[in-house]
Amino acid sequence: MTLGNVRNLYQQVIVERYKKPRFRGVAEPVHRHHRGHNPSCGDTIEITVSLKLDDQNRIERACFEGEGCSIAMASADLMAEAVQGLTIPEALHLVEQFQGMVKGEGSFPPEQRKLNVMQGVAQYPVRIKCATLCWHTLKAALEASTPLGVSDFVSNEATD
Amino acid sequence: MTLPTTAPVTLADRVRADFPILAQSIHGQPLIYFDNAATSQKPRAVLDALTAYYEQDNANVHRGVHTLSARATDAYEAARQKVARLVNAGRPAEIIFTRNATEAINLVAYAWGLTTLQPGDEIILSVMEHHSNLVPWQWVAQRTGARLRFIQLTPEETLDLDHYRSLLNDRTRLVSVVQVSNTLGCINPVAEMAALAHTWGAKVLIDACQSVPHMTVNVQAIDCDWLVASGHKMCGPTGAGFLYGKAEVLRAMPPFLGGGEMIADVYLESSTYANIPQRFEAGTPAIAEAITLGAAVDYLQSLGLDAIHAYEETLVTHLWKRLGEVPGIRRLGPAAPHRAGLVAFTLGDVHPHDLSTLLDEAGIAIRAGHHCTQPLHRILGTQSTARASLYFYNTVVEIDRFIEVLQESVAFFSGVFEEG
Numbered sequence: 000m001t002l003g004n005v006r007n008l009y010q011q012v013i014v015e016r017y018k019k020p021r022f023r024g025v026a027e028p029v030h031r032h033h034r035g036h037n038p039s040c041g042d043t044i045e046i047t048v049s050l051k052l053d054d055q056n057r058i059e060r061a062c063f064e065g066e067g068c069s070i071a072m073a074s075a076d077l078m079a080e081a082v083q084g085l086t087i088p089e090a091l092h093l094v095e096q097f098q099g100m101v102k103g104e105g106s107f108p109p110e111q112r113k114l115n116v117m118q119g120v121a122q123y124p125v126r127i128k129c130a131t132l133c134w135h136t137l138k139a140a141l142e143a144s145t146p147l148g149v150s151d152f153v154s155n156e157a158t159d
Numbered sequence: 000m001t002l003p004t005t006a007p008v009t010l011a012d013r014v015r016a017d018f019p020i021l022a023q024s025i026h027g028q029p030l031i032y033f034d035n036a037a038t039s040q041k042p043r044a045v046l047d048a049l050t051a052y053y054e055q056d057n058a059n060v061h062r063g064v065h066t067l068s069a070r071a072t073d074a075y076e077a078a079r080q081k082v083a084r085l086v087n088a089g090r091p092a093e094i095i096f097t098r099n100a101t102e103a104i105n106l107v108a109y110a111w112g113l114t115t116l117q118p119g120d121e122i123i124l125s126v127m128e129h130h131s132n133l134v135p136w137q138w139v140a141q142r143t144g145a146r147l148r149f150i151q152l153t154p155e156e157t158l159d160l161d162h163y164r165s166l167l168n169d170r171t172r173l174v175s176v177v178q179v180s181n182t183l184g185c186i187n188p189v190a191e192m193a194a195l196a197h198t199w200g201a202k203v204l205i206d207a208c209q210s211v212p213h214m215t216v217n218v219q220a221i222d223c224d225w226l227v228a229s230g231h232k233m234c235g236p237t238g239a240g241f242l243y244g245k246a247e248v249l250r251a252m253p254p255f256l257g258g259g260e261m262i263a264d265v266y267l268e269s270s271t272y273a274n275i276p277q278r279f280e281a282g283t284p285a286i287a288e289a290i291t292l293g294a295a296v297d298y299l300q301s302l303g304l305d306a307i308h309a310y311e312e313t314l315v316t317h318l319w320k321r322l323g324e325v326p327g328i329r330r331l332g333p334a335a336p337h338r339a340g341l342v343a344f345t346l347g348d349v350h351p352h353d354l355s356t357l358l359d360e361a362g363i364a365i366r367a368g369h370h371c372t373q374p375l376h377r378i379l380g381t382q383s384t385a386r387a388s389l390y391f392y393n394t395v396v397e398i399d400r401f402i403e404v405l406q407e408s409v410a411f412f413s414g415v416f417e418e419g
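Line by line, the protein sequences give chains A and B.
Sequence positions in the first sequence follow numbering that gives the first Met the number 0 and run 0 to 159.
Sequence positions in the second sequence follow numbering that gives the first Met the number 0 and run 0 to 419.
Looking at chain A on its own, in the form it has when it is part of the complex (with noise of 0.2 Å):
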């Protein structure tokens, strides 16, 4: 089959959060909120991060909503999952590592393992830019001290 490659791509994982994912939604009480956009694909994605409130301020939970390909929901989707629990320098330290992994550096110890489903973005240099865009957002949305602009939106194409 010609197109025998491109499973290590699309990890039976990421297929299954895309048709069905689990974090597709509003996070409530919105605590944080960011959107995304990369313009030249069209993908879209609205992020919303509900907190505990507490010292610490974990995140009790996280949701996505958005249109793209199965790499941008799916990505989404785990993230939202990966997410939950942590405080918020844990979360976009998380960020940092994902960005890392799709770049082929390293990859995540057994407590964050479902991420590394997306390894395979790295040899796909071109949707690099799919993968990341929600966890751009997140760090926006987890960075952002002042309320959103109707057209405020982060997009990734430019930087990565």
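There could be a bad hint or two in this list.
Stated by the list, open to error - Straight-line Cα separation of at most 20 Å, SDA-like style, residue types lysine to any residue; simulated pairs:
hint, chain 1, residue 1, chain 2, residue 2
1, A, Lys-18, B, Asp-348
2, A, Lys-51, A, Thr-86
3, A, Lys-19, B, Gly-347
4, A, Lys-18, B, Pro-326
5, B, Lys-245, B, Arg-84
6, A, Lys-18, B, Ile-328
7, A, Lys-18, B, Gly-327
8, A, Lys-19, A, Arg-60
9, A, Lys-18, B, Gln-382
10, A, Lys-51, A, Gln-83
11, A, Lys-18, B, Val-409
12, A, Lys-51, A, Phe-22
13, A, Lys-113, A, Leu-93
14, A, Lys-18, B, Thr-381
15, A, Lys-19, B, Ser-413
16, B, Lys-245, B, Leu-113
17, A, Lys-19, B, Val-409
18, A, Lys-18, B, Ala-410
19, A, Lys-19, B, Asp-348
20, A, Lys-18, A, Gly-119
21, A, Lys-102, A, Tyr-123
Keep in mind the hints are simulated off the structure, nothing from the lab.
Based on these hints, arrange chain B on the given structure of chain A.
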């Protein structure tokens, strides 16, 4: 005596070897290049013209009296004549070299639109326009108070001519429409539309990016005021496109960019300007690219634009029919053969970007995305589409291979979906 049973020699059979880039493999599979609406490949004759210019004639134009400068100037002006003949312009001075069609539209928007339009004036565009024929007019409308009106689609996903007629009125100052949609593949009746616009005294601009490379386009038969195209979609290099304008229309327009080449006399406080076409070509132009575009025009004319169009019609008829066999497909635009040689489509759950990655694995290059027609995609109810766009070097064999991999891709995704 029996007739030979071999297939007739097609245009692609004759020209295929002219394109060095097509003789390669991608991921171990022969390259099938179906992204011609984005940019075309270049034949050897065009590549050689670019090299020959830099090896033998390189100099600035319209400035020096030395031999190289004269040669470069002659070649540059000869290229203008070639483009003028290609679109049947009345004279070479009606062709302005620009970076691409986008720059040509912006030239008209700034030099004519901003200086001419008044509050209440109306600009008619269609909903299928490329962003390059939307954004400049949005700016013009915002800055002049002119109003944008949009021609809608018929149920067959073609331009609604009756709706267009209903939009025309005595406030209409400009009709700016695409001749061939890069997404729907429909061929718009631009000559009829121009005639209607002129009865209301409106000017007409035609975006001919997807028509000039593929069929005979005659600016005098269309009777448009302006027409724009990009060289890189017609076997030429990037960085060279053109604006055709009727001489009297161009002469009545103020300059766009200021600088060298476009002047008559310059004083410290004021200047007078050159006649057309130089008035609109400030600064050192893309000399090598314009000359190379001239070589591309020679190449296309040696094949014949009518022959190219006829061959592409047989190709797209085959492509349209074979795509129809793919389960879950939605093909955009009118049915073949009354369409240009490109088909945009969606495939249910299979996102165009995922599809494009799978096809690339098999050496097949298509475009996935919104093709710079986001408003049209919204109207069609989809965020993005996949698009296969053909040129005269493509073959029926390539189309059949494309369909085979497309079917495999659908099976691949439905397989993993079902397992999940």
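Against the structure, the hints come out as follows:
The straight-line distance between the Cα atoms of Lys-18(A) and Asp-348(B) is roughly 8 Å, inside the 20 Å bound, and the hint therefore holds. Of the supplied pair hints, the one linking Lys-51(A) and Thr-86(A) holds, its CA atoms being roughly 10 Å apart against a limit of 20 Å. Between the alpha carbons of Lys-19(A) and Gly-347(B) the distance comes to roughly 15 Å, so the proposed pair stays at or under 20 Å and holds. The straight-line distance between the Cα atoms of Lys-18(A) and Pro-326(B) is roughly 18 Å, inside the 20 Å bound, and the hint therefore holds.
Straight-line distance between C-alpha atoms of Lys-245(B) and Arg-84(B) comes to about 14 Å, which keeps the hinted pair within the 20 Å bound. Restraint check: the Cα-Cα separation between Lys-18(A) and Ile-328(B) comes to about 18 Å, which is no more than 20 Å; the hinted pair holds. For the hint pairing Lys-18(A) with Gly-327(B), the CA-to-CA distance comes to about 16 Å; that is within 20 Å, so the pair holds. Between Lys-19(A) and Arg-60(A) the CA atoms are separated by roughly 18 Å; this keeps the pair inside 20 Å, and the hint holds.
Between Lys-18(A) and Gln-382(B) the CA atoms are separated by roughly 17 Å; this keeps the pair inside 20 Å, and the hint holds. The suggested pairing of Lys-51(A) with Gln-83(A) holds, with an alpha-carbon distance near 11 Å, which does not exceed 20 Å. A C-alpha spacing of about 14 Å is found between Lys-18(A) and Val-409(B), which places the hinted pair at or below 20 Å, so the restraint holds. Between Lys-51(A) and Phe-22(A), the direct Cα distance comes to roughly 18 Å. Compliance with the 20 Å bound is thereby established for this hinted pair.
Using a Cα cut-off of 20 Å, the hinted pair Lys-113(A) and Leu-93(A) holds, with the two alpha carbons roughly 13 Å apart. The straight-line distance between the Cα atoms of Lys-18(A) and Thr-381(B) is roughly 18 Å, inside the 20 Å bound, and the hint therefore holds. Taking the CA atoms of Lys-19(A) and Ser-413(B), the gap is about 14 Å. The hint holds against a cut of 20 Å. Restraint check for Lys-245(B) and Leu-113(B): the C-alpha separation of about 19 Å stays at or below 20 Å, so the hint holds.
Proposed proximity of Lys-19(A) and Val-409(B) is supported: the alpha carbons are some 18 Å apart, at most 20 Å. The hinted pair formed by Lys-18(A) and Ala-410(B) meets the criterion: a straight-line CA distance of about 15 Å does not exceed 20 Å. This hinted pair checks out: Lys-19(A) and Asp-348(B) have alpha carbons roughly 12 Å apart, not beyond 20 Å. The hinted pair formed by Lys-18(A) and Gly-119(A) meets the criterion: a straight-line CA distance of about 19 Å does not exceed 20 Å.
Of the supplied pair hints, the one linking Lys-102(A) and Tyr-123(A) holds, its CA atoms being roughly 10 Å apart against a limit of 20 Å.
Comparing the model with each earlier hint shows no violations; every hint is respected.
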